[in-house]
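Quick note, the sequences are listed as chains A and B, same order.
Using the numbering used here, the first residue of the first sequence is number 1, and each one after it goes up by one.
Using the numbering used here, the first residue of the second sequence is number 1, and each one after it goes up by one.
Misleading hints may appear alongside valid ones.
[Stated by the list, open to error] Chain B side only, calculated, beta carbon under 7 Å to chain A, not exhaustive:
hint, residue
1, Ser20
2, Ser27
3, Pro107
[Claimed, not checked] A few chain A residues facing chain B, derived, Cβ under 7 Å:
hint, residue
4, Trp29
5, His60
6, Thr67
7, Ala68
8, Ala70
9, Thr71
10, Arg78
11, Leu79
12, Gln100
13, Val102
14, Arg143
15, His145
16, Ser211
17, Gly213
Everything labelled a hint here was simulated from the structure, so no lab data went into it.
Remember, it's a predicted structure, so these values are computed and weren't measured experimentally.
Backbone N, C-alpha and C fix where the C-beta goes; we use that ideal spot for every residue, glycine too.
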Amino acid sequence: MHGTAEFQLKMKAPPAGGQEPGADSADKWHAEEEGRRLQGRIMHVSRLATIGEMAAGVAHEINQPLTAIATYAQACNRLLDLPEPDLAEVRDALREIASQAVRAGAIIRRLRNLVRRNDAPKAPSGINELIKELEELMQTDARVHDVRLRLELADGLPQVLVDRVQIQHVLLNLLRNALEAVAELPPGKREVVVRTARTEDGEVEMSVSDSGGGMTPEVAERMFDPFFTTKEAGTGLGLTISSTIIRTHKGALGHRPNLPSGVCFYVRLPSV
Amino acid sequence: MKDETPTVFIVDDDEAVRNSLRFLLKSVGLAATTLPSAREFLDSYRQDQPGCLVLDVRMPGMSGLELQQQLNLRGAIIPVIFITGHGDIPMAVEAMQHGAFDFLQKPFRDQDLIDRIQRALAADKKNRAALTERDRIRSRLDSLTPREREVLTLMMRGKPNKVMAAELGLSQRTVEIHRARVMEKTDASSLAQLVRMVMDVEPAHTA
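Chain B on its own, in the form it takes in the complex (with noise of 0.2 Å):
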């Protein structure tokens, strides 16, 4: 698993107020990249780096809920903390409607900016632990046989082995070995911790 340092990108068209961010952000040890527009970010974000955006909402060109727009479209997860000027409130509004993590108005105090940038980082840390763990329960489930997979889908159901087994035209013994087979593959420890397994990463199953 790679450890890479969180970094916090501030994308803001004013150079001042880009340069005082990375400032104050380097004053409490935090690595801040900032970009001058939003095209600028769109081109160079990697989706496997983690962090959290510090996004002005008014700029020229792409603004910065285009960019927000963009970034769901693409199923990026990184949190976004948006800065506005005054005035900017129904924008913030409509941001927030659209899965901001959080927003201030410029200026700020830094506590503040700080305190919300801490909260992001720590989201994004657990939403990538989390995208993690989903990623290797798919790979685990994945690599049952069509056999073990269709025991599975019945084990979801509850099913005993007797009515598996007339099911699926197999012995007992049979469908015992196989849903051993499951439970080994998927590592699970109880049928309880399988049926959240593989609803966690298929919600289709529940249906």
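Extracted from the complex, chain A is given alone in its bound form (with noise of 0.2 Å):
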């Protein structure tokens, strides 16, 4: 894509498996190894931006179980205020209590997982496991926005070569983008799909597609661009950081029409 060549930065791969650096390449190597740095912080402040724009549906989903156990906590001070209580009924709202605070605490995890930094080496994965790993967290977000999500994931999938966190950014660009592409519609016409596939070079395909109107020509030349952005508050990095992403995996990210309308963006990944 054109326009962002300024800011892709390099992302070499340290020398490979334990040889060591000649002396004359020392500095290259250091400076490699500093872009690679600065790379990964601001990929991870990308996605922490990523994660605080789904912030307000995580507190919706947390809300939930906080709900219930308020309810079940002061439902069980007034049947002890009885004079004769019923300790069952009473022990079993404790345990609802346990359960849902269970539940909240799964929920604040799994965000962590996302937070969490990550610089583990690229590792043969399944695709469709590594979408499933986000699907309640992708369906909190759409259901805040009034959206159905569906996932059509491929059975039989070659594995790929991946760091799952940088992946599941990707991913959650891609759905954070389709939300707001279908926003526009009234809630019962919005539709996001994440769809994976096996293409015919036998690549894995991830496709996130939405309902809504399609790109204008400007927002199809300028997406990738950085800082380019039609969100409200967004950073404008989410696809040039993206497609960093996926290049560094040797792969691809394009996009094509979706049928009967809207936008398909895709990832391809060489298998492993």
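Using the hints, put the two chains back together into the complex; each one sits in its own frame.
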């Protein structure tokens, strides 16, 4: 994509398998190392920004178990005030309180897993598992925006060599763009589909399709530019960083029209 | 007249929230029915069931606000108490503008919810009593003959018997008989009460 050249941060792998960098290439290696660290930080900040955008949905989701906990606890107080309280009932409520507290904890843990800085090396992973890990969080986000989110995951896909957190970051970026794209539609027509498939070339494709009105030519031309955004509070880095991430995975990030309406963004990754 | 105990309907897509609310209401002796979606409530709702509705604003499929609109379209009188998560205040304002009885932010103090439910049930009872009274008046008015109807219309305008007799081409004596029949059939104790009753069910009469 044009317009991104000055932003592209070189993401070369460190010297291969235990080989010492030559003395003359040491400086270059350090510069690359520095670049890599900077890039890691930018990605981390971008990931936090994406997660920040999702905070409203997460807050709403945590509020549900909190409501149940508060309500059960208050009802227990009332029951215990009775002259002959039914202890079995109180015990039922306490059990519910405990399980709702665990539920709230799980929501927070899911979010924390995403926020955690991750420098894990790329490892062979199943793309579907990676998507399913995010499913609840994505459904929460979709629900808050009154969007119907469907997952259509193909069976029997080969594994891909990925940094899980980075690919999940890309997926969240694409999802958030899709949610934005359908916001203008009446609630019943807002639909987003996350799909996986195997391409003819044997690559693995993960795509996010929306039922929105499509992109204007201006947006289509500039969407990969750093700091270009159509969102009120967007950083304008989501797609830029996503495409950098996918490039370092030797994959491709692109888009095509979605039928009958909207846009489909896809990521293709070489299979292991 | 039916004397059904009022039911508190709880519509929320979150099972834990629904169950906890039913548990709380049971602890204070209120009968509650829980439903997981606006659609299921709408499909099972009967106008003649007294009660109130505790409704989550934000739900997948038909939202709480859409359910409220559907109920308004059907002329339902069931009072609606909205419960909302944080940040849903604009939605709550919209709900109030469309006639919601009240709203509460989740999580809530149990007493706040119970107080509002009690008030909503009292309001529902009052509304239903008023509706029943109006139905009664309407059926009494329906029992009038066309001639008695004409006399009633002129009575509403405060015409003396003599003027009525002239306008209707009847004898004063006949007008008096019709007039007595109107008072008897409507069970009105005075002309003032009769006027109030008619205006209550047929506001067009004031024009």
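Please verify that hint: Ser20 of chain B, Cβ, nearest Cβ of chain A, below 7 Å or not.
-> holds (4 Å)
Let me know if the C-beta of Ser27 of chain B comes in closer than 7 Å to any C-beta of chain A, holds or violated.
-> This hint holds: Ser27 of chain B lies near chain A, its Cβ roughly 5 Å from the closest one there, short of 7 Å.
Hint validity - Trp29 of chain A Cβ closer than 7 Å to any chain B Cβ | violated (49 Å)
Using 7 Å as the Cβ threshold, decide whether Ala68 of chain A counts as touching chain B.
-> Check passed: Cβ of Ala68 of chain A comes within 4 Å of chain B, closer than 7 Å.
Using 7 Å as the Cβ threshold, decide whether Gln100 of chain A counts as touching chain B.
-> OK, holds: Gln100 of chain A within 7 Å of chain B, min 5 Å.
Interface hint for Thr67 of chain A, Cβ within 7 Å of any Cβ on chain B = Holds, because the Cβ-Cβ distance from Thr67 of chain A to chain B comes to roughly 4 Å (cut-off 7 Å).
Do the numbers back the hint for Thr71 of chain A, that is, is its least Cβ distance to chain B under 7 Å?
-> Holds - the Cβ of Thr71 of chain A comes within 7 Å of chain B, reaching about 4 Å at its closest.
Satisfaction of the His60 of chain A interface hint, Cβ to chain B closer than 7 Å | At about 4 Å, which falls below the 7 Å cut-off, the nearest Cβ of chain B leaves the hint on His60 of chain A intact, so it holds.
Is the interface hint for Arg143 of chain A satisfied, with its Cβ closer than 7 Å to some Cβ of chain B?
-> holds (6 Å)
At a threshold of 7 Å, is the proposed contact between Ser211 of chain A and chain B supported by beta-carbon distances?
-> violated (16 Å)
Taking 7 Å as the limit, does the beta-carbon of His145 of chain A come near enough to a beta-carbon in chain B?
-> For His145 of chain A, the interface hint is violated, since the closest Cβ of chain B sits about 11 Å away, which is over 7 Å.
Proposed interface contact between Val102 of chain A and chain B, which counts if any beta carbon pair is under 7 Å | Since chain B brings no Cβ nearer than about 11 Å to Val102 of chain A, farther than 7 Å, the hint is violated.
In the structure shown, a violation is registered for the earlier hints numbered 4, 13, 15, 16 and 17, in ascending order.
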